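Asker: Given the coordinates of chain A, work out where chain B should sit on it, guided by the hints.
So the sequences go chain by chain: A and B.
Numbering of the first sequence is given in this note's numbering, commencing with residue 1150 and proceeding in unit increments.
Numbering of the second sequence is given in this note's numbering, commencing with residue 32 and proceeding in unit increments.
By construction, these hints were calculated from the structure, which means they are not laboratory data.
Model, not experiment: these values are computed from the prediction.
No false leads were slipped in.
Pair by pair, the computed Cβ-Cβ distance ranges are:
1. A/ALA1457 - B/LYS183: 33 to 39 angstroms
2. B/LYS183 - A/ASN1274: 50 to 56 angstroms
3. A/SER1469 - B/TRP324: 30 to 36 angstroms
Don't be surprised by glycine CBs; every beta carbon is placed ideally from N, CA and C.
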Amino acid sequence: MPMKLDLIQPLLAADITGGVSAILRQWLVWLILLLVVFTIVAIRGKIPLQYNLRNLLVRWPTTLLISVAFALVVGLLITMLAFVNGMYAVTEGTGQPGNVLVLSEGSTDEAFSNLGYSDTGDIENQAGILRENDKPLMSRETFLLVNQPVEEPQPGRPKRRLLQLRGVDDSEMSGRVHGLPLEPGGKWISEAGVQGQQENLSDIEVVLGEGIAAELGFDRPPEVRAKAKNSQRLDAGDKFYLRDRQAIVVGVMKSRGTTYDSEIWAKQSLVGPMFGKGTYTTLVCRTANEAEAQKLADFFNNDYDRAALSARPELEYFESLNETNKQFLYAIIFLAVVMSIGGVFGVMNTMFAAISQRTKDIGVLRILGFKRWQILTCFLLESMFLALIGGLIGCAVGCLSHGWSASSVVSGGPGGGKGVLLEMVVTIDTLAVGLMVALVMGFIGGLVPSISATLQRPLESLR
Amino acid sequence: MDPTTVYKYFVLIVKNLRRGLVRSILTALGTMALVLVVTMVWSVLYFLEAATSEKSANLKLIVTERWQLPSQMPMSYASALETGAAKDPGDIEPLDSMTWQFYGGTLDKDQRTRDNSLFAFAMEPKKLLTMMDDLDNLKEPEKGEFALVVEKLEANRQGIILGKDRLTALNKRVGERIKLFGLNYRDIDLELEIVGQFPSGRYDGSAVINREYVLQAMDQYAAENNGTKHPLADKTLNLMWLRVPDQEAFRKIAAQIENSPNFTNPAVKCETASSGISSFLEAYADLLFGIKWIFVPIAILSLSLVISNAISISVRERRLELAVMKVLGFRPVQILFLVLGEALVLGGGAGFVSAFVTWFVVNRIMGGIKFPIAFFPSFAIPDEALWWGPLVGGLAALIGTVIPAVNACRVKVTDVFARVT
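If we strip away everything but chain A, and leave its shape as in the complex, we get (with noise of 0.2 angstroms):
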């Protein structure tokens, strides 16, 4: 047992990267040298592996179930992890290395900070804000959630979205600060933040995130789809409702990645009050550097006296809304082991059964001078080999989900959270994990089995 420990303590403490720790790649490596060791003395032992490969030929309905099981729970496995890293793509893939998020004490959220009018004038005034043109870097927001009606439901489609909405004062200024360029064709909400006439109501000016575009672009029926300029998404010129108000697209972010994607930003002070918000919820300010960001977040921590604020570099912000994905990962790994378990249990049997039906040939290679390790090592190979196919095909399954999009939500814990539009990913770690997992399922099931074989008595084999 401590063995096991060992093994799954790390993984769980370990500091994961891309969704798969180093450790997994450490286990890879040291089971692809088992093999490796276990083909070496095989053939220099003068094991006869040609016999263990034609039996897999001979017994091939056996073989092609036992490894269509592998491919499936293996494929299934890097489906799964591929969500999940697509979560930590999109949390580490958000915010500036010299940002500082502010919001105010104590706020878990966005979405209940709640920062006073008064306080933003000195806070952007602070030293260690860049500036340029004599104006500080810095992103004024109000982060708002908001339940909309889709206008024309679809089938299949939602009848609600909850829309990440963001009031920003100068969403260039925004741009900027959080690292968006703009699409080509569009352009950043004007000073005005609004355009045209309708019933005595301009539209309200909005960019857009590429996730939110596209995911809204579908809500459009059909038929309006058809004739749109973009029918894949909304684009510059396309009109939306936002709460009762249409709202017109001035352009598309470049947000592929990050949280950002799915998020609808506006003038702030039209929103804010239209949702009634009239504070700020969120202040960005860009340092020189990281130290710098963490020196400015620790002095609105600990030594600014006007306002009670909780400020972090945003990159530290972007990683605590890791938690869902953590919650996540451990429900695969758990649920990966249960399934790896019935896995083996097959491994297990088919090895059984295979050496309960070469019994004597057991025998005659007793007879002929084979050893019992040379017994051992030749069906524990067997088992491994019948894995590693099953792993094989299980990866190449599992690949075919890289880049598929998903929607989901990032949060640092209960009471707060963003949705999110990821891609799915799969990496060479996702795919190291997959085959791992089925080279330990052949070796744990094909152990026992082997161990049986080697304990049998040539002369009452033969029998």
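Answerer: Okay, now just chain B, sitting in the frame of chain A:
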């Protein structure tokens, strides 16, 4: 088939399974592992499905701020909402109501951690017994015990009721006092006494305080700040639950509320609990779709393959025995049923054992599957799992055994004996 024949078949099936005991045990264990996965995943889906299914009677109508999340309405809305905004002859009133206020606090404001932070619902204590899901239908003696706890909270406005997991996380016991420093209501700090614990289960991670104490703390704030109200003083009512008898009453009361001039700033909306939950779960739609239509089918398919493999091996090894049975007069269809029966007993039996053990361990020992999603902290294994298990195990076994069973009944006696000789 008469019962005696069925019994004879059953005995034959059990004997066959016992003869290959190691093989049968391994197949059963593999089945149990995969049924465990399916049972746990289905339990989560089943709960969410139930939570988002519209009821036809005894509904809860939820009133929230119309456009914004989190919903923040003035507490002054509560009294009019309690009556369903009924003002004209013919208007109807709800059967019961309940206010919800969310208060987040921490025991240590300098070193805030997940464990020393607490989110509590502030509400009228007595409504816990009539309006809260699962607490409104407790059985004795739990019902009586919990009623006493509620009485204590009613009597002590500085009381708090905690779930057992929250008590453990805070490292506190009933009777101890705690001080919470406000997180969402800055400068509203509460000194509380733990007056009791929730019955085990759904509310293990929850906390409830007396709403009177939160309102009093707001008044106190104004008194200490020269009459200046707390910035969120008019935004303390987060939700209002109204119990209505049926869909017709729901529509009528919803219309009364949404058309009432009393609720315009902010505007409010009415929805059923299921519709509200569906909106929240929309963010997880892709994940839930994947679990339902990719994960579960693949888990069942791989289970079928494991069982199919085991039964195929068993059939191949028993070709001689099957040939002898044919010589003895067994018809192909009887052999088919025999092989299918073996798989069914093995798969169904293992499935039942797995589902029962999962149900017992998760519900009675672990207190639910701790997988917080949306606002559900944990999920219990429903009693229905006791039939899902054998059904999944049995069905997967049947699917996986069709081809081996057909092969078994096609065994040609002459071929088998030709090889034997």
